[in-house]
Amino acid sequence: MKSLTRRQEDVTNYIEEHRATHGYSPTIREIGEGLGIKSSSTVHRHVQKLIDKGASKAI
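For the sequence shown, position 46 matches number 46 in full-length UniProt numbering, and the numbering has no gaps at all.
Rather than coming from a laboratory, the hints here were simulated on the basis of the structure.
Hints may be right or wrong, so weigh each one.
As the list claims (entries may be wrong) - Within a straight-line C-alpha distance of at most 27 Å, the following computed DSS-like cross-link-like pairs (lysine-lysine) qualify:
#1 2 x 53
#2 38 x 49
#3 38 x 53
#4 49 x 2
Claimed, not checked - Cβ pair distances, simulated, as ranges:
#5 3 x 24: 25 to 31 Å
#6 16 x 44: 25 to 31 Å
#7 23 x 3: 28 to 34 Å
#8 33 x 9: 15 to 21 Å
Ideal placement from N, C-alpha and C gives every residue a C-beta, glycine not left out.
Just need the whole structure built from these sequences, with the hints factored in.
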């Protein structure tokens, strides 16, 4: 797996914590709200990069 940027690590951690707490993956908007990212397209881009790098499955 390729190395992750700090923001990609933040997104990965948020997704994992949300799954552990709620039992399901967060929405793109929930990730953005949780991390203070206003643009859902930016969140989507981070998630897609994580999928491309093999760091996460599609949520």
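Hints and how they fare:
1. 2 x 53: 6 Å, holds
2. 38 x 49: 18 Å, holds
3. 38 x 53: Given that 27 Å is the threshold and the Cα spacing comes to 24 Å, the pair holds.
4. 49 x 2: The hint holds at about 10 Å.
5. 3 x 24: 25 to 31 Å: Given range 25 to 31 Å: holds, Cβ gap about 28 Å.
6. 16 x 44: 25 to 31 Å: Since residue 16 and residue 44 have Cβ atoms about 18 Å apart, the given range 25 to 31 Å is violated.
7. 23 x 3: 28 to 34 Å: 29 Å, holds
8. 33 x 9: 15 to 21 Å: 18 Å, holds
Of the hints listed earlier, the one the structure fails to meet is number 6.
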